[in-house]
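Novice: Dock chain B against the given chain A, drawing on the hints supplied.
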Amino acid sequence: MMSGKREFSDADTGFVLSTLEPDQLAESKRVAVPRRVLRGGELALLWALRVYVVFMMAVVFWQAWIAVR
Amino acid sequence: MSVGTQNGDKSRVATQVTVADAVVVTHEDMDRAQDRSRVRAARMAHGLRGKAWLLWLLIGPGILVMLGENDGPSMLSYAATGATYGLGFFLPFVVLTFAMALVVQEITVRLGAATHRGHAELIFERFGPFWGWFSMIDLGIGNFLTLITEFIAVRAGLGFFGVPPWAAILLALVVLYSALLSHRYWTWERLTLAAAAFNLIFIPVALMTHPHWSVVAHSFATWQPVPALNKNMVLIVLSDIGATVTPWMLFFQQSATVDKGMTVKDIHFGRFDTALGAALAAAAALGAIVVTAPLAGHISAGNFEAAQFAQALEPVIGHVGAALFALGMVEAGVVASITISISSAYAFGEVARKPHSLNLPVGEGKAFYAVLSLCAAAAAGIVLIPGLPLVFVVLVVNVVAVLAMPPALVFLYLLVNDREIMSGVESPRWANVLAGAVVALLTAAGVFYGVSVVAPQALTWLGGR
Chain A
1 MMSGKREFSD ADTGFVLSTL EPDQLAESKR VAVPRRVLRG GELALLWALR VYVVFMMAVV
61 FWQAWIAVR
Chain B
1001 MSVGTQNGDK SRVATQVTVA DAVVVTHEDM DRAQDRSRVR AARMAHGLRG KAWLLWLLIG
1061 PGILVMLGEN DGPSMLSYAA TGATYGLGFF LPFVVLTFAM ALVVQEITVR LGAATHRGHA
1121 ELIFERFGPF WGWFSMIDLG IGNFLTLITE FIAVRAGLGF FGVPPWAAIL LALVVLYSAL
1181 LSHRYWTWER LTLAAAAFNL IFIPVALMTH PHWSVVAHSF ATWQPVPALN KNMVLIVLSD
1241 IGATVTPWML FFQQSATVDK GMTVKDIHFG RFDTALGAAL AAAAALGAIV VTAPLAGHIS
1301 AGNFEAAQFA QALEPVIGHV GAALFALGMV EAGVVASITI SISSAYAFGE VARKPHSLNL
1361 PVGEGKAFYA VLSLCAAAAA GIVLIPGLPL VFVVLVVNVV AVLAMPPALV FLYLLVNDRE
1421 IMSGVESPRW ANVLAGAVVA LLTAAGVFYG VSVVAPQALT WLGGR
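Respectively, the protein sequence lines represent chains A and B. Reading the first sequence from the start, the letters are residues 1 to 69 in the numbering used here. Reading the second sequence from the start, the letters are residues 1001 to 1465 in the numbering used here.
Calculated from the structure, these hints are not laboratory results. Every value quoted in this text rests on a predicted model; they were computed, and no experiment measured them. Idealized CB from N, CA, C, for every residue including glycine. Treat each hint with caution, since some may be false.
As the list claims (entries may be wrong) - Across the chosen pairs, the derived CB separations fall in these ranges:
#1 A:Asp12 to B:Gly1387: 51 to 61 Å
#2 B:Asn1232 to A:Phe55: 16 to 26 Å
#3 B:Met1044 to A:Ala11: 19 to 29 Å
#4 A:Gly40 to B:Phe1161: 54 to 64 Å
To be verified - To spell it out: a stretch of chain A is covered by chain B in this simulated footprint if at least three of its residues, at any positions, have a beta carbon under 8 Å from a beta carbon of chain B; those stretches are:
#5 9-21
#6 31-39
#7 43-54
#8 58-67
Unchecked claim - Chain A is faced by these chain B residues, among others (derived, beta-carbon under 7 Å):
#9 Ser1037
#10 Leu1403
#11 Val1453
Chain B with its partners taken away, still in its complex shape:
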């Protein structure tokens, strides 16, 4: 991949203009060039204001992917964590999972900026279709199951307000399709960011429970109390990991980085964007745990849906607080349904070598928009079929995400250390050590879960009950 100077090099410009006749410029190129032109102007501006404007132009994929991953099943997982175990071990543990997500997602920024290729595209072209299809199958299954749970969250959240399921699902689809109407990456990104900001509603709702800050501080300082090691605890651990680190995030952020037009020069802004997203998402996740902590010991949170959590919270935070909690669940489901269906469409376009960009008009990106729309519509439709065991999907979705991550991370590791494509921004040794630690931790968590299912008595050897 050539890195090249971004612009301003007169001789290069002259050369390019003379070959203009031989190059086909598309609508997508034109939109991206306009975005990049604003970045170039901002980069030339001096002072704090110029830097702030540049940052505003370049943030997006990192915040979106992190707040997008605070989706329906993730927020339900955090709520179940708080309602089952209260404050303690899981507060710092969730921060650790977001640190893992940051390590992994930062790699996708460098990959996208250096290669200008999406994740699926790189795996297929660099390692061949055999391994490419394995990755796509993992992604496809995970994304579709997760999409279903997003609509379950929307249905349950709006159910708190008495909205019938069909109307809730229809509303979610309308929002999803409306976000795409601009056919402009920049506009879509800003609209979705605005919607994703509502995820932070879990923070003020948590404050409404008047948490004991000394207990919160003690939890972070000591990771205590640690819950008894049993099958349920292992499931919650895996579910909370799957709530922050999943394959769709890799595919989405790398493709969005490419679609946004980021280059090697922008990597440190992409890094900041991802870190900011991780911090905001972690704060919202902690909020969800804190808000349901007062329910610990009073309810069985295993199969709770959003509306039931909101109803259980009403005596603690009042009707307004419970309503905000339910709305937070709706937002989580809607925003994630947008980002996840786009992640599927990007990956499909990259593999099928069809145009794939949010800058495409419908006429030029029929396959991209068709996949996006059909995935969302199919998942939404499934949620409305009466009698289907949807709890089954909610139960497995985060666990499936954790299990699919190690192979995805190995591809990520191989790609980011590939000197032929990385243009000098390969991972340094310390970053490889961190990524290796994440792979080891995720694999160990998966194995631990397997042991807890196949041979639960083995947990007693480790001090469990």
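Isolated chain A, as found in the complex:
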């Protein structure tokens, strides 16, 4: 949402700016949302779920492979 190749008249530009919220403009997406630091508990939960996903995916693919063969 960041390309600005096409040009519009002042009236069109005024219409867009008066109709959309500033954050809705494609150009506003150039500015990243500030990073937030994950707390210890949040990190632990995310890591636990990551391990869960990897382990369970292995189980699923193994079972499906057995079923297909």
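Specialist: Showing chain B alone in chain A's frame:
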């Protein structure tokens, strides 16, 4: 994220016009502003007609995501459920899964409306690329496997009418690409909504089986009979959950909410849109279970594809009913192939910081349209390769979706409770409790499935067989 007044504030307009020279307005902005201008006009209109028009303008992403998730593998899962267990426990259970989907998807409406950012974008920027890439890998694998199954459903559904596989796949791709030709979010959304409405065909087809309404009512009132607890039952439970709650839905609805231009003022309409979508999709899903229920005990539904279900149903509902069932499967595959490939393209654009909107002309959104087209074409191509174990994909796709959901939901929970970005529309405590319950339920279902595979004898301790 600034919420700001949407419009009508003269001083703000004046300020913005004076800085117009410093701002680059794109084609995408212009299209979105035209859509928002109609919403503004509708909001000023009085009476029931004005409200109805406003609702018509603002519905879309919620219905699309819910009917889109009634996709090929989902409808096959519901059909297998009915054909294996008949009516009973699974009727209210499927309604419960749609309630879970509603809880989760409503959050994406608030996130999109408050931040005007897509889901992948927010995860990457707020939590960094390390966690962002994990989410993208989950999404990428899930989306691609699901896309393959959509084309399998189209191929199988049209196979009922004798259409050769290559022609069926080509037709699906033509429909998918045609829907994008307008390069206008609004037009695309209305066209896809019209196509998605065909998903409701499962309701009249279910009525053609003349279901015993007392049995249906008994199922909802008592959740009985509960099938015997075994590996197959656990797989069907997980498959039915994966048929309603999946990661692509989070990414798609949030990005579509942003692309549509919805704001905080529109959240209650977005909520209604999502609830309506959930109700319609649940009705279609229940229809698929009811229609195949007469087959219970007569067939083994494990590896059935759409055409085989339709053929098995012919003695029950006649050729017309079976043909409608097969067409329903085709619609499910086609609409989901559109929404899922767009979900992948949105996520790619957000992460790669490339323009990503259905309002983009091809020239301004080359990467967006290329990813969308290539994903669909690659999945379609795979379906046509002879000898590939496609049943493997059908078997795992819904289960993979369930397993990938808990981490996705934790990110959703963290984002929606983030006061710095939510502009006052964070989740209240009760909504957090509901979301937490969904995470716990999905994780427990996944663990239960793992136990049923790794140590099936453990199910006997829980009363299983």
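Novice: Each hint should be assessed against the structure and marked as holding or not.
Specialist: Results of checking the hints against the structure:
Asp12 of chain A and Gly1387 of chain B have their C-beta atoms about 56 Å apart, which keeps the hinted 51 to 61 Å range intact. Roughly 22 Å separates the CB atoms of Asn1232 of chain B and Phe55 of chain A, a value that falls within the hinted 16 to 26 Å. Evaluation of the 19 to 29 Å hint for Met1044 of chain B and Ala11 of chain A yields a pass: the beta carbon distance comes to about 21 Å. Separated by about 58 Å at the C-beta atoms, Gly40 of chain A and Phe1161 of chain B satisfy the suggested range of 54 to 64 Å.
A count of 11 residues in the stretch 9-21 of chain A with a Cβ less than 8 Å from any Cβ of chain B is obtained; the coverage claim is therefore met, three being the minimum. Chain B is given as covering the stretch 31-39 of chain A, and this holds because 6 residues of the stretch bring a CB closer than 8 Å to a CB of that chain, at least three being needed. A count of 6 residues in the stretch 43-54 of chain A with a Cβ less than 8 Å from any Cβ of chain B is obtained; the coverage claim is therefore met, three being the minimum. Proximity of the stretch 58-67 of chain A to chain B, defined as three or more residues with a beta carbon under 8 Å from a beta carbon of that chain, is established by the 8 residues found.
Taking 7 Å as the C-beta contact cut-off toward chain A, the hint placing Ser1037 of chain B at the interface holds, the least distance being around 5 Å. A hinted interface residue such as Leu1403 of chain B counts as satisfied when its beta carbon comes closer than 7 Å to some beta carbon of chain A; here the least separation is about 5 Å, so the hint holds. The interface hint given for Val1453 of chain B is met, as the beta carbon of that residue sits about 5 Å from the closest beta carbon of chain A, less than 7 Å.
In this structure, none of the earlier numbered hints is contradicted; all agree with it.
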